[in-house]
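*Asks:* Quick mapping for you: the protein sequence lines, in order, are chains A and C.
Everything in the first sequence is counted per our numbering, starting at 1 for the first residue and increasing by one.
Everything in the second sequence is counted per our numbering, starting at 1 for the first residue and increasing by one.
In case anyone wonders, no lab produced these hints; they're calculated from the structure.
You can trust all of the hints, since none of them are fake.
Here's a subset of chain C near chain A, in silico, CB distances under 10 Å, partners left out:
1. Y39
2. L40
3. V47
4. I133
5. I160
6. I256
7. N276
Every residue, glycine too, gets a C-beta built ideally from N, C-alpha and C.
So the chains spell out like this:
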Amino acid sequence: MRLLRHRRGATPYLLLAPGLAWLAVFFVVPMYYLGRTALERGLFPFFTFNWAWSNFSESMSLYHTQFVRSLEYAGIATTIALLVSYPLAYWIAFRGGRWKNLLLLLVIAPFFVTYLIRTLAWETILSDGGLVTRTLRDLHVLGADGRLLATSTAVIAGIVYNFLPFMVLPIYVSLEQVDARLIEAAEDLYASPWRAFLRVTLPLSLPGVFAGTLLTFIPAVGDFINAQLLGTPRQYMIGNVIQSQFLALRDYPTAAALSFTLMAAILVAVGVYARLLGTDRLTGAVSR
Amino acid sequence: MSAATSAAGFGAREGGLRRSLRFLRRNLLTGYAALALAYLFLPIGVVIAFSFNNPAGRFNYTWQGFTLDNWLHPFAYPGLGGALRISIEIAVLSSLAATVLGTLIALALVRYRFVGSGLTNILIFIPLTTPEIVLGASLLALFVHWGVPQGFLTILIAHIMFNISYVVVTVKARLAGFDRHLEEAAMDLFANEWTTFFRVTLPLIMPGILAAALLAFALSIDDFVITYFNAGSTTTFPLFVWGSARVAVPPQINVIGTMIFVVAVGGMLTSVVLKNRRAGRAG
Numbered sequence: 001m002r003l004l005r006h007r008r009g010a011t012p013y014l015l016l017a018p019g020l021a022w023l024a025v026f027f028v029v030p031m032y033y034l035g036r037t038a039l040e041r042g043l044f045p046f047f048t049f050n051w052a053w054s055n056f057s058e059s060m061s062l063y064h065t066q067f068v069r070s071l072e073y074a075g076i077a078t079t080i081a082l083l084v085s086y087p088l089a090y091w092i093a094f095r096g097g098r099w100k101n102l103l104l105l106l107v108i109a110p111f112f113v114t115y116l117i118r119t120l121a122w123e124t125i126l127s128d129g130g131l132v133t134r135t136l137r138d139l140h141v142l143g144a145d146g147r148l149l150a151t152s153t154a155v156i157a158g159i160v161y162n163f164l165p166f167m168v169l170p171i172y173v174s175l176e177q178v179d180a181r182l183i184e185a186a187e188d189l190y191a192s193p194w195r196a197f198l199r200v201t202l203p204l205s206l207p208g209v210f211a212g213t214l215l216t217f218i219p220a221v222g223d224f225i226n227a228q229l230l231g232t233p234r235q236y237m238i239g240n241v242i243q244s245q246f247l248a249l250r251d252y253p254t255a256a257a258l259s260f261t262l263m264a265a266i267l268v269a270v271g272v273y274a275r276l277l278g279t280d281r282l283t284g285a286v287s288r
Numbered sequence: 001m002s003a004a005t006s007a008a009g010f011g012a013r014e015g016g017l018r019r020s021l022r023f024l025r026r027n028l029l030t031g032y033a034a035l036a037l038a039y040l041f042l043p044i045g046v047v048i049a050f051s052f053n054n055p056a057g058r059f060n061y062t063w064q065g066f067t068l069d070n071w072l073h074p075f076a077y078p079g080l081g082g083a084l085r086i087s088i089e090i091a092v093l094s095s096l097a098a099t100v101l102g103t104l105i106a107l108a109l110v111r112y113r114f115v116g117s118g119l120t121n122i123l124i125f126i127p128l129t130t131p132e133i134v135l136g137a138s139l140l141a142l143f144v145h146w147g148v149p150q151g152f153l154t155i156l157i158a159h160i161m162f163n164i165s166y167v168v169v170t171v172k173a174r175l176a177g178f179d180r181h182l183e184e185a186a187m188d189l190f191a192n193e194w195t196t197f198f199r200v201t202l203p204l205i206m207p208g209i210l211a212a213a214l215l216a217f218a219l220s221i222d223d224f225v226i227t228y229f230n231a232g233s234t235t236t237f238p239l240f241v242w243g244s245a246r247v248a249v250p251p252q253i254n255v256i257g258t259m260i261f262v263v264a265v266g267g268m269l270t271s272v273v274l275k276n277r278r279a280g281r282a283g
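Let the hints inform the model, and build the full structure from the sequences given.
*Replies:* The following block contains the structure:
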């Protein structure tokens, strides 16, 4: 206790100051300028601020297709990622034994190949002459000239792949914390393994599922690399629009307005999702 | 169909069927996990395989023939070496700066109670939940309004910014399990605050700090989106890959990608093995 009293006063603020100043200047202030830009009018490089709220409605009426598509692709990709990740995380957490750390490393390892190179590799795999496309054509899953590359399937598949560890790791962490005695107790009380899973393990792992879906959905909805490399303009997402408006067309106000709408949409989606899943149950599971 | 009505031979066959069903059920999960892992590594296999490809045209998409040339001359392709050097410089500088700034914040958050800690936590958390494209775009808006020319410096600023939050989260996780009595013991033995910090606290949280620095390095060297918005005419390795994806994909890109992969995974593998061995000794 002597230690704590000793250390009151300015020390914590001195420790915080440099880092928080950095975040204030290069995260908070930029957000202000992004908001300001969204309300400007004019042509590059002459923009003037005049509370142009119509930028928001105009950009949305122009690009609502890409906007809805982003939410749709990200939603589907997040669901598939969850279906792939949960059994994998479960298997590592409960069957991994002393190999757990090594298996986790295996899950993360592919992501040390640069994002773009990974995605280019998928371009190779899904290409028209590639093994996957040819096999699916032979099996008549695809038509004789059916394609995988340049379709929404390819874009969604790329998103699933690129954000998978964000789903696996949080689920693994929450499964790892589940007390095995609780599952035993359920089975002692004649619950079938499946029922024990549904009533004990699954609810206890929901915080991990919650974190994983958010960590996957948020980057997925703003992504433009997968749509660019694996799709065509018909699969472009809102990220592609923001990117080209900012960097190619130099229509900063439209791009800024779209960025802000994207953030607002994410906040609403996260809020609804938290409500659906039940925040009190989530926090309850955490505190237990 | 009940067992009573079935013939003896059929019953035996049913037993076999049931046994194989049970085998399937028991190993279903393992099979699924193996498939998932194979899926994770499939593109990596392609990347590595195509680093040995001898492509006919400018694009490295179809297999033409085996060659070691790309590995013997990884920097033969113009611009590639320079881009990689810039990426490494930015990754080293940004991970160092972010590790220092982030560790200080983590120390303050875990060790002290102060007015504004809630706000600090929120400020750390929000950048993690903001899409990269919005982070990149907002920084671009800042630099445009301030008239800052974009290049090496703006990329570095951006990388330090997004790395701080990751460092804070990583170091905080380590600090949370920290035994304060060790510090108290040092102080009881008349060590002053500085000595206690450098001789006791710092060595104990060093693994967490190292992990955070490695994470920051990895995030920085792989970052494309935020860099793309703030690079000006400077080219990092991911930007080089992006630029070449449209005109030509030289196999040297796969060589460099494989090298980064091998170094990163090798480092992590060593640390996992060392940790396991140390745990084995302690037990």
